[in-house]
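Asker: Sequence:
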Amino acid sequence: MTVLVVWLVVAAILLFGLTLNRALVLWLNRGVQPAVRDGTDLLLSGILPGIALVGGLATALGVIHLLRIEIVLPLAASLMIWRRNDVLAIFVDLRNLAVIGVRATAKGNPFPLLASGAFIVLIGVISITALFPAGSADVWAFQIPLAQSIVSHSGFVTPQIDSHFYGNIPLFFNVLFASALLFVDHWLAAGLMNAAIFLGFLLLLTSCAHRWRAAGLLLVFYLIAFQGFFTPGAAVPLTDLPRSCFSVAAVLYLWRYFETRRPSEIVSCALLLGGAVGGKYTELQMVGLIGLALLPSIYRGKMSLSLFLTCLAAFLSLAGYWYLKNLIVLGNPIYPFIFGHPGLSDQWMANYRLELGRAFDPANRVFVTDLTTRQGWHDFFFILDDWFLDRRQYAMVALILIIGALLASFRRIFVLVATTAAMFIIWYAVMFNHIRWATPSYLLYFSTAYIGASLIVEKIAVSKTAQPGGVMFAVSGRVRAGHRAVNGHLFTLAVAVIALVVFCRPAVKFIYRPDRQPYSWMEDGVMDVLIGRQKSDDFLGTQREGYIIYRYVAANDLRTVFQPFDIGSALFAAAYTGGRDKGWLLPPYMLPQSENDLDAFIKRNNIRYFIRVTEKQELLADRMGGAARFALAEKTISRMLPESTLLLKDGFGWELYRFDGFPSQ
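The sequence shown begins at 738 in our numbering and counts up by one.
To be clear, the hints were calculated from the coordinates, so they are not data collected in a lab. Fair warning: this is a prediction, and the values are worked out from it, not measured in the lab. Every residue gets a Cβ at the ideal spot worked out from N, C-alpha and C, and that includes glycine. One should not assume that every hint holds.
Distance ranges between label pairs, derived from CB positions [stated by the list, open to error]:
#	residue 1	residue 2	range
1	Ile1075	Arg1270	47 to 57 Å
2	Gly1068	Tyr1036	48 to 58 Å
3	Asn1293	Ile1075	24 to 34 Å
4	Ala1166	Leu1049	25 to 35 Å
5	Phe902	Arg1148	43 to 53 Å
Here are the simulated SDA-like cross-link-like pairs (lysine to any residue), alpha carbons at most 25 Å apart as the crow flies [said to hold, decoys possible]:
#	residue 1	residue 2
6	Lys1386	Pro1324
7	Lys1062	Lys1196
8	Lys1340	Thr1314
9	Lys1272	Phe963
10	Lys1196	Ile1163
11	Lys1340	Glu1371
12	Lys1340	Arg1296
13	Lys1039	Asn766
14	Lys1196	Ile1162
15	Lys1372	Gly1390
16	Lys1272	Arg1296
17	Lys1062	His1078
18	Lys1039	Glu996
19	Lys1319	Gly1398
20	Lys1372	Leu1295
21	Lys1319	Asn1342
22	Lys1340	Asp1294
23	Lys1196	Tyr959
24	Lys1319	Leu1384
25	Lys1062	Val894
26	Lys1196	Arg1149
27	Lys1062	Gly1077
28	Lys1062	Ser886
29	Lys1272	Leu868
30	Lys1272	Gly1390
31	Lys1062	Leu1046
32	Lys1196	Pro771
33	Lys1196	Tyr1131
34	Lys1196	Val1134
35	Lys844	Ile857
36	Lys1039	Ala1155
37	Lys1062	Leu1049
38	Lys1386	Ile1339
The task is simple: from the sequences and hints, build the whole structure.
Answerer: Laid out in structure tokens, this is it:
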């Protein structure tokens, strides 16, 4: 039931955003004929700019602490009533899209039906997996608390949470999470808002094709949605995937602007770029890349000064607040980098820069990232092949499509290919510490492949009209002749059966031989839950550290529990029980002052239970802030252990004990 309520809230936010975007597009394109390609394009391509506009409005309200339901609802209702014709037009476009799909299916074209079915299934799978609390500590230690803090303060404070670093970085996507949390006080709201951004990106990419949008959506699913790099994080409220979607969408809108020269396209590019930069410092690279791509147009006068200023205003309306606030409050617009880091020690910054400047995995530190050397380029191409291409069928298909597009329409695809290459180079040379930092690069890679496929199809169609003949057209003619010879409905059924076999054969094999996951984009065990073979609680117990123990703590209302080894312990405990923290656990940062303070600390905090973790000692010490803090926590546990009773243990080396108290003297 919570999933349905959250989706209704998200749908209302999307409708509001689409309304704002439609009004903006028609205003920007006044005098342009045609103002838009068609209603379907405006509908599919308007979701992400609409979300960006909602985020910008929420940011403005948050600055003056008016981000509250009693303000947001009347304001949204007033704007919807004012733009009621745009609201009506959106529903008309939705109806027309459905009618076109039904008519196409009736005429023997199976692709609209297949595309709609695949999209609905994807939403269903994401909705189910969204119910599984994220296993990343960053979600519960930073992202959700940041969004909850924005809601509880009706806007922004400095710092937003009790962390100088995370409390002062750009928070645009946390504002979007807060916009949903404002109406549904459950972490699922943030997760499904993330999912809406991902789904909106898939639809935007689909709309970039001039032809075959329904069939194109299936290709988008093959290249992006049905692989293991992107979809598993779709409903996880981290900022890596949404900022990547915004960043890559900005590049797609840049390409659309070069194709059509419509002002709305480049303004949408600026909006999405502002959202990306307002969500993470790393996306500042895109400002330089997009600016570089626009320089020829600006130099030749193809882009007017008024349009440039409009783009600048759109960009700053989403990104400007975070940088201006940090400049005024902390004296550093990109706090804590380059210009100073008040509140953070020099040692902390030195350690953080060291962490950012080298690979997280020690095994990857052998690679040379200095691209001024021959070895650096050798290692760069090795990493591209080993991490992104080798043994990845969909990646090789994408590479073939990109090469084909370069041969067929070099000038039209060059900007996308060059930007993709530049992003991979920047990632390797500057941010080569984890593959997740390459998410925007990899997402743009597959997006470029899809655009390349659409350009190849378009080239074939144009060539056929100009000079019919050749092997390709002979084959195409035979296919069309076969389609006419067979009843349209039979052809539709045949294509549908083939598509179902291609996409669902792994699942069918899994039902009879459940020895491995059928789809790489699914987390281990998810398919068992989807088909009812395993209960959700059992799945989470095998996949989430501490799930069984935290559920036991909440179910039995145990207080007070000492768990210093998990920095997000209180948040995990709340997430795993569907609610907020009820004070079961002692805050993880609370430790004795010294070894002489152990007994007094235990009595002072009324510790009656504690959690002992027997594995990943080195990693735990790093998360806790160093070996000294870890050793002190271990000594506290050791002091209570002889007088304790083991209650429960899980498969991750976690043990829950009841402390029976010190023996009377």
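Asker: For each hint, tell me whether it holds in the structure or not.
Answerer: Results of checking the hints against the structure:
1. Ile1075 with Arg1270: 47 to 57 Å: Holds, since isoleucine 1075 and arginine 1270 (Cβ atoms, about 53 Å apart) stay within the stated range.
2. Gly1068 with Tyr1036: 48 to 58 Å: Since the Cβ atoms of glycine 1068 and tyrosine 1036 sit about 35 Å apart, the hinted range of 48 to 58 Å is violated.
3. Asn1293 with Ile1075: 24 to 34 Å: violated, 50 Å
4. Ala1166 with Leu1049: 25 to 35 Å: With Cβ atoms ~29 Å apart, the hint holds.
5. Phe902 with Arg1148: 43 to 53 Å: holds, 44 Å
6. Lys1386 with Pro1324: holds, 21 Å
7. Lys1062 with Lys1196: violated, 49 Å
8. Lys1340 with Thr1314: violated, 28 Å
9. Lys1272 with Phe963: Judged against 25 Å, a Cα distance of about 24 Å means the pair holds.
10. Lys1196 with Ile1163: Not satisfied, since the Cα-Cα distance of roughly 32 Å exceeds 25 Å.
11. Lys1340 with Glu1371: At roughly 17 Å apart (the allowed maximum being 25 Å), glutamate 1371 and lysine 1340 satisfy the hint.
12. Lys1340 with Arg1296: holds, 13 Å
13. Lys1039 with Asn766: Status holds; Cα separation ~16 Å.
14. Lys1196 with Ile1162: Violated, at about 30 Å.
15. Lys1372 with Gly1390: It holds: about 18 Å lies between the C-alpha atoms, which stays within 25 Å.
16. Lys1272 with Arg1296: This hinted pair is violated, its Cα atoms lying about 28 Å apart.
17. Lys1062 with His1078: holds, 14 Å
18. Lys1039 with Glu996: holds, 13 Å
19. Lys1319 with Gly1398: holds, 23 Å
20. Lys1372 with Leu1295: holds, 22 Å
21. Lys1319 with Asn1342: Given that 25 Å is the threshold and the Cα spacing comes to 16 Å, the pair holds.
22. Lys1340 with Asp1294: Status holds; Cα separation ~19 Å.
23. Lys1196 with Tyr959: Status holds; Cα separation ~22 Å.
24. Lys1319 with Leu1384: Satisfied, since the Cα-Cα distance of roughly 21 Å is no more than 25 Å.
25. Lys1062 with Val894: Given pair lysine 1062, valine 894 holds - Cα atoms ~10 Å apart, limit 25 Å.
26. Lys1196 with Arg1149: Holds: lysine 1196 and arginine 1149 sit about 11 Å apart, inside 25 Å.
27. Lys1062 with Gly1077: This hinted pair holds, its Cα atoms lying about 15 Å apart.
28. Lys1062 with Ser886: Cα-Cα ~17 Å, so holds.
29. Lys1272 with Leu868: Distance ~13 Å between lysine 1272 and leucine 868 Cα, so the pair holds.
30. Lys1272 with Gly1390: Measuring from Cα to Cα gives roughly 22 Å; hence the hint holds.
31. Lys1062 with Leu1046: Distance of about 22 Å is within 25 Å: holds.
32. Lys1196 with Pro771: holds, 23 Å
33. Lys1196 with Tyr1131: holds, 23 Å
34. Lys1196 with Val1134: holds, 19 Å
35. Lys844 with Ile857: Holds, at roughly 22 Å.
36. Lys1039 with Ala1155: holds, 21 Å
37. Lys1062 with Leu1049: holds, 18 Å
38. Lys1386 with Ile1339: holds, 22 Å
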